[in-house]
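*Asks:* Chain residues, written in single-letter form:
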Amino acid sequence: MGRFEFYGQGLPAVDTHDLKGTLVVVEGADGVGRSTHIGLLKEWLESRGHAVLDTGMTRSALAGKGLKAAKEGHTLGALTMSLFYATDFADRLENEMIPALRAGFIVLTDRYIYSLMARATIRGADPQWVKGVYEFALKPDIVVYLRATVDELTTRVVQTSGFNYWESGMDLRLGDDMFDSFTAYQGRLLNVFDTMTREYEFHVVDSSASIQNVSEQIKSLLEPLLITV
Amino acid sequence: MRAYGKDRFPGRLFIVEGIDGSGKSTQLALLQKWLESEGYGTFFSEWNSSALVRDVTRRGKKKHMLTPMTFSLIHATDFADRTEQHIIPPLKAGALVLADRYVYTAFARDVARGVDRAWVRNLYRFAVKPTIAFYFRISVDEAMKRIVGGRDAISYYEAGMDRQLSGDVEESFRLFQGAIIDEYDRMVNEFGLVVIDANCSIEAQQVQMRQIVTKALTGARKNRIRRWVDLNSMVRASRP
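Line by line, the protein sequences are chains S and U. Read in order, the letters of the first sequence are residues 1 to 229 in the numbering used here. Read in order, the letters of the second sequence are residues 1001 to 1240 in the numbering used here.
Don't read these hints as lab results, they were simulated from the structure. For every residue, glycine included, the Cβ atom is placed at its ideal position computed from N, Cα and C. Hints are not guaranteed to be accurate.
[Claimed, not checked] Short derived list, chain U residues pointing at chain S, Cβ under 10 Å:
1. S1025
2. A1029
3. L1030
4. L1031
5. W1034
6. E1036
7. E1038
8. A1076
9. D1081
10. G1114
11. A1118
12. C1200
13. S1201
[Said to hold, decoys possible] Computed footprint of chain U on chain S, listed as stretches where at least three residues anywhere in the stretch have a Cβ under 8 Å from a Cβ of chain U:
14. 45-58
15. 84-90
16. 146-158
17. 210-221
Please build the complete structure, drawing on both the sequences and the hints.
*Replies:* See below:
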């Protein structure tokens, strides 16, 4: 019996008993600073002698491009989008994360099944169905949840990338414009994440502190998981 | 979210299932011709045809990138797109939707590849339950005789070559399709599939299909668009 378990039935023909690495998930809303912190963590871990693989949504060799192309059009339905993301995730899990864990890497993943489940649920999918679909996922060692209020998110998004169609949940028609839609959509996501925080034991880090401070908090959460020689 | 068996649409959904070489597509095409001649509006949809997803599947298959799990998920994605775009809207409009392969194809193939039976049934829970699901039953040997082009026409995944059951394409096809037939047989009772003996003549199978479909057409709309050609005006226009 290895350290890793699946949420449910797991993946066919995939043996988990020889997985040695550490699976670290960074979750959080759009614009909360996940990629900044993953970059900092990677630097820190590598400087301490750990091999790191970082991965994130729509980066799969199989479905990444197709999914991005589908999001550019105007025919992508909610259910199709959910399953497209599930395919992208499965491809990365089987072909990137699991091989890296087998080789003893620390895998840093920018979002995991939680974001995907939250988005699908908000778009009307039955939560039990969504949970069932993602039963093939590995349980991570830790989920760091960078939490921000909707106000904080709005302030950041305006000053960085600006509002975008999907991050504002425009497909759900929640408001007259991107601002209204963004606040309503992100508010709903936040509620789902708060519920999941309890269910999946997220480690919540308040992202309103300075980058330095947030980074230190994340490092101290990871410290006990690291192999010391 | 919709759930299998919970939808009520004015249209009807007729689907065909069976392994390659069972003759299901031929039978469905004949059924469509007949329904149209009877004045019904039909809409045809086939497995693996979503414009959004097709390229990903094709590339994944060509480069042998697919695992049992991603094979299952990419086909479910394709099917979700077709359900959202090509199955539910025509059914709401009262059309007769004809589907070549349906969720049972996934249940049979994915389980034959080692995917959990209950998991894949949950995955497709959003599917509309067909009015009638026909299963064309045939032996692997008979199906192989019918596959035009012989062994070159057998694809890598259709032969289950990814399962490494055998290094020989034909032998692998035999084993893998045999496992698929076992899954289909198990589904006959589970989902009430209507079994058609695919060894009978094409004509006899079609008669049987039409009899069964007729019973399900009570109250269905006849809304085929007829484009009349006014011969007299064509004659007048062609005069010098």
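*Asks:* Quick check on C1200(U) please, does its C-beta sit within 10 Å of some C-beta on chain S?
*Replies:* At 36 Å from the nearest chain S Cβ, C1200(U) fails the 10 Å test, so the hint is violated.
*Asks:* Min Cβ distance, E1038(U) to chain S: is it shorter than 10 Å?
*Replies:* violated, 32 Å
*Asks:* Given S1201(U) as an interface hint, is the shortest Cβ-Cβ distance to chain S below 10 Å?
*Replies:* violated, 40 Å
*Asks:* Is the interface hint satisfied for A1076(U)? The criterion is a beta-carbon contact with chain S at less than 10 Å.
*Replies:* Holds. Min distance 5 Å.
*Asks:* Against chain S, run the beta carbon of S1025(U) and see if the smallest gap drops under 10 Å.
*Replies:* violated, 25 Å
*Asks:* Would the hint on W1034(U) stand, with a C-beta cut-off of 10 Å toward chain S?
*Replies:* At about 32 Å, which exceeds the 10 Å cut-off, the nearest Cβ of chain S leaves the hint on W1034(U) violated.
*Asks:* Interface hint check: A1118(U), Cβ to nearest Cβ on chain S, cutoff 10 Å. Holds or violated?
*Replies:* With a closest approach of 8 Å, the A1118(U) hint holds.
*Asks:* For the restraint on G1114(U), tell me whether the closest CB of chain S is nearer than 10 Å.
*Replies:* holds, 4 Å
*Asks:* Hey, does the L1030(U) contact hint survive, CB to chain S under 10 Å?
*Replies:* violated, 31 Å
*Asks:* For the region 210-221 of chain S, count the residues whose Cβ lies under 8 Å from any Cβ of chain U; is that count three or more?
*Replies:* Violated: only 0 residues of the region 210-221 of chain S have a Cβ under 8 Å from chain U.
*Asks:* Against chain S, run the beta carbon of L1031(U) and see if the smallest gap drops under 10 Å.
*Replies:* violated, 28 Å
*Asks:* Please verify that hint: A1029(U), Cβ, nearest Cβ of chain S, below 10 Å or not.
*Replies:* This hint is violated: A1029(U) lies away from chain S, its Cβ roughly 27 Å from the closest one there, beyond 10 Å.
In this structure, the earlier hints numbered 1, 2, 3, 4, 5, 6, 7, 12, 13, 14, 16 and 17 are contradicted, and the remaining ones agree with it.
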